[in-house]
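Place chain B with the ligands on chain A using the hints.
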Amino acid sequence: MAGATVRIEHLTKLYPDGTRALDDVSFEVHPGDFLVIIGLSGSGKSTLMRCINRLIEPTSGKIYIDDVEITALPVGELRKLRRQIGMIFQQFNLVKRSSVLTNVLAGRLGYVPAGWSLTNYFPSDLRLRAVESLTRVGIPEKAHTRADQLSGGQQQRVGIARALMQEPRLILADEPVASLDPATSHSVLKYIEEMNRRDGITVMCALHFLSLARRYGTRLIALKGGRIVFTGYPKDIDEARFREIYGEEAVEVEIA
Amino acid sequence: MANETLTRPVPPAIPRARVRPWTFFLMIVGLAAIYIYGWQVTQINLGELVTSTRLIRPLVRDLVRPDILARVPLRQEVRVPFSFTPEGAPPMPAPAADGPRIALSAPVGRPGQTVTVRGEGFAPGRPGQIIWTDQSGSSAPGEEFVTDGEGRFTVPVEVIDLIGQHHTLGVQVTLQGSALRPSSAFTLVLARLVETVFLALMGTTIAVLFAVPLSFLGAKNLMARTPVGAAVYVVVRTILNITRSIEPLIMATVFAVWVGIGPFAGVLALGLHSIASLGKLYSEQIESIDPGPIEAITATGASPLQVVRYAVVPQIVPPFIAFTIYRWDINVRMSTVIGMVGGGGVGFLLIQYINLLQWRQAATAVWGITIVVAAMDYFSAKVREKVV
Ligand SMILES: Nc1ncnc2c1ncn2[C@@H]1O[C@H](COP(=O)(O)OP(=O)(O)OP(=O)(O)O)[C@@H](O)[C@H]1O
Ligand SMILES: [Mg+2]
Numbered sequence: 001m002a003g004a005t006v007r008i009e010h011l012t013k014l015y016p017d018g019t020r021a022l023d024d025v026s027f028e029v030h031p032g033d034f035l036v037i038i039g040l041s042g043s044g045k046s047t048l049m050r051c052i053n054r055l056i057e058p059t060s061g062k063i064y065i066d067d068v069e070i071t072a073l074p075v076g077e078l079r080k081l082r083r084q085i086g087m088i089f090q091q092f093n094l095v096k097r098s099s100v101l102t103n104v105l106a107g108r109l110g111y112v113p114a115g116w117s118l119t120n121y122f123p124s125d126l127r128l129r130a131v132e133s134l135t136r137v138g139i140p141e142k143a144h145t146r147a148d149q150l151s152g153g154q155q156q157r158v159g160i161a162r163a164l165m166q167e168p169r170l171i172l173a174d175e176p177v178a179s180l181d182p183a184t185s186h187s188v189l190k191y192i193e194e195m196n197r198r199d200g201i202t203v204m205c206a207l208h209f210l211s212l213a214r215r216y217g218t219r220l221i222a223l224k225g226g227r228i229v230f231t232g233y234p235k236d237i238d239e240a241r242f243r244e245i246y247g248e249e250a251v252e253v254e255i256a
Numbered sequence: 257m258a259n260e261t262l263t264r265p266v267p268p269a270i271p272r273a274r275v276r277p278w279t280f281f282l283m284i285v286g287l288a289a290i291y292i293y294g295w296q297v298t299q300i301n302l303g304e305l306v307t308s309t310r311l312i313r314p315l316v317r318d319l320v321r322p323d324i325l326a327r328v329p330l331r332q333e334v335r336v337p338f339s340f341t342p343e344g345a346p347p348m349p350a351p352a353a354d355g356p357r358i359a360l361s362a363p364v365g366r367p368g369q370t371v372t373v374r375g376e377g378f379a380p381g382r383p384g385q386i387i388w389t390d391q392s393g394s395s396a397p398g399e400e401f402v403t404d405g406e407g408r409f410t411v412p413v414e415v416i417d418l419i420g421q422h423h424t425l426g427v428q429v430t431l432q433g434s435a436l437r438p439s440s441a442f443t444l445v446l447a448r449l450v451e452t453v454f455l456a457l458m459g460t461t462i463a464v465l466f467a468v469p470l471s472f473l474g475a476k477n478l479m480a481r482t483p484v485g486a487a488v489y490v491v492v493r494t495i496l497n498i499t500r501s502i503e504p505l506i507m508a509t510v511f512a513v514w515v516g517i518g519p520f521a522g523v524l525a526l527g528l529h530s531i532a533s534l535g536k537l538y539s540e541q542i543e544s545i546d547p548g549p550i551e552a553i554t555a556t557g558a559s560p561l562q563v564v565r566y567a568v569v570p571q572i573v574p575p576f577i578a579f580t581i582y583r584w585d586i587n588v589r590m591s592t593v594i595g596m597v598g599g600g601g602v603g604f605l606l607i608q609y610i611n612l613l614q615w616r617q618a619a620t621a622v623w624g625i626t627i628v629v630a631a632m633d634y635f636s637a638k639v640r641e642k643v644v
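Protein chains in written order, with this note's numbering: chain A, 1 to 256; chain B, 257 to 644.
Keep in mind the hints are simulated off the structure, nothing from the lab.
Even glycine gets a Cβ: it sits at the ideal position worked out from N, Cα and C.
A couple of the hints might just be wrong.
[To be verified] Taking lysine-lysine pairs in the DSS-like style, the calculated list, with each CA pair at most 25 Å apart, reads:
| no. | chain 1 | residue 1 | chain 2 | residue 2 |
| --- | --- | --- | --- | --- |
| 1 | A | K190 | A | K235 |
| 2 | B | K476 | A | K96 |
| 3 | A | K96 | B | K642 |
[Said to hold, decoys possible] One side only, chain B facing chain A, incomplete, derived with CB under 7 Å:
| no. | residue |
| --- | --- |
| 4 | T499 |
| 5 | E551 |
| 6 | A552 |
| 7 | I553 |
| 8 | G557 |
| 9 | A567 |
So here's chain A without its partners, still in its complex pose:
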């Protein structure tokens, strides 16, 4: 199964308080891309991510996933399409009191009949697959641990395993490593990179550090005040571009 194409046309998001978080954003992501989104805090990265799977309703504009206009789908169809879009969060967003296994299985909820899933019953092949997903991110032994007993890096790996369960064609990763230390950041990003390279899943990933963007991204867009100020390749971000995106006083910080 190939990665998805994402096409965004004239996307605008106005919050009720009048904040224009996205302003006429248009771009396209090709199957198998690892698209990095950079931009200052408040530039609209999270808003953009959440508009793509409509956790946030865009004010105007269109978003196509493989020629399906997600922005026009009724709720039932939207849920079906969401099953193919994995999401990874800065705060991991695991259900802390539930076991790691339940958290991973939750990635499959969109496929199991609602009646069954309400009893926390999952067929054994799904449970097996959940353990396989955990094996892929290197923590199969944590399956029966409570999620809040894991370290940050391990929690994020559970988040990745949850996304893997969806067999997604698109991954939306909103600053997946912003609350992790440099070494852990790399180990987590490597799993996302592996999903991208091995399974061909399209990845859209918001990152703070340019060094990480250069290391993992195949393409890059930069947001500033809700507008796209750069589209291209990570290697093309030079000193001048950097100042343009992050402001005049910014100094690039290397991350090992």
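Here is chain B with the ligands on its own, set in the frame of chain A:
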């Protein structure tokens, strides 16, 4: 961040307050007046503590020797039905083949008539007595007799006037020696303690049934999205706060007037108070749930019901259970007190014993309460440890 720490301004030195002597003097006089009045109005009399020790002495003394066991004489007892009219009279049971048994000259008779009671198989040469028991279960003593050398007796018995038509006539023959049995105070306290625990359980359960739905209406994060919801939130919270501030003791007094003295009044009082306090605790719990998992589960394509099941329920159920157990624990404690104002349970019994100056029986109740409350406390702490 580092920058911020460095440039934080040094707080200005506070000039030393100079209290003028006369303000100081006024303050002292004012305080003295307050405390002198307080001393008088609360009738503090430390001397009383010493001079009246004799009044508390029996209570303290009897606290260490609660009425738990009693020596009861061993008895042989046989009962048979006896009626004032033949209509509806219960059939006479067949006498036992061996062991003590009695026979009446007639199973029916009017008050004032005489029936002859014959008995055999009793202990020889022991004193016995006729016992009448009416329909309501209250009994009255009748003729006394002594069994002969073979354990037989024959007594003419005058039928006494009893309320109702169908009664029982019993024979008690006292044997030599006695047995150590739980005292009647002990069994009564035990029964009332059980009643107390269940009173608390019922009150808590009723409260949970109402508090769970109310807590959703009283959770700001769920309700404040629409003006109507916000209004409902304010109303629910206000009602909960007002109800919570009414002492359960006062509620129990009111309900005892309404539904009569007894455990039901206690259940209602505890229930109402617990609705308010659990409702508030539950709502606050709902308000503090992490929206992150809701977002994450929604993003996987799960249905709203699944989102509630997987992202909301795991966040609220363990604390709900913990709060509920804790509330039950508090309610057991409270129901011992509530009994004193007519809410049933062991408290009512304790107050009766105290009023009758039955200190040893009161001590039994006090110890029972202490043990049950301590046990509940321990149990609830253990359970809460497990679920949270
Ligand atoms: N629910 C909301 N209501 C109103 N304004 C919002 C809301 N969420 C975000 N905003 C505003 O929209 C703008 C974009 O926010 P967004 O969270 O998308 O930025 P971001 O690039 O993800 O920032 P960060 O790097 O800090 O996560 C900001 O100005 C923010 O204050
Ligand atoms: Mg963000």
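Problem - Hint check: 7 Å Cβ-Cβ cutoff, G557 of chain B to chain A - result: Where the cut-off is 7 Å and the nearest Cβ of chain A is about 3 Å from G557 of chain B, the hint holds.
Exercise for the section: Have a go at the A552 of chain B hint: is there a Cβ in chain A nearer than 7 Å to its own Cβ? Expected result: 4 Å, holds
Problem - Minimum beta-carbon distance criterion (7 Å), E551 of chain B to chain A - result: With Cβ-Cβ at 6 Å, under 7 Å, it holds.
Handout entry: Pairwise hint evaluation, K235 of chain A against K190 of chain A, where the allowed Cα distance is 25 Å at most
Key = 19 Å, holds
Practice task
Please verify that hint: T499 of chain B, Cβ, nearest Cβ of chain A, below 7 Å or not.
Solution key: 30 Å, violated
Exercise for the section: Would you check whether A567 of chain B satisfies its interface hint, that is, whether its CB is within less than 7 Å of any CB in chain A? Expected result: 6 Å, holds
Practice task
Please work out if K476 of chain B and K96 of chain A have their alpha carbons no farther apart than 25 Å.
Solution key: Status holds; Cα separation ~22 Å.
Practice task
Hold the hint about I553 of chain B up to the distance rule: shortest CB distance to chain A must be less than 7 Å.
Solution key: 6 Å, holds
Practice task
Quickly compare the C-alpha distance for K96 of chain A and K642 of chain B to 25 Å and report which way the hint goes.
Solution key: 16 Å, holds
Taken one by one, the earlier hints fail for this structure only at number 4.
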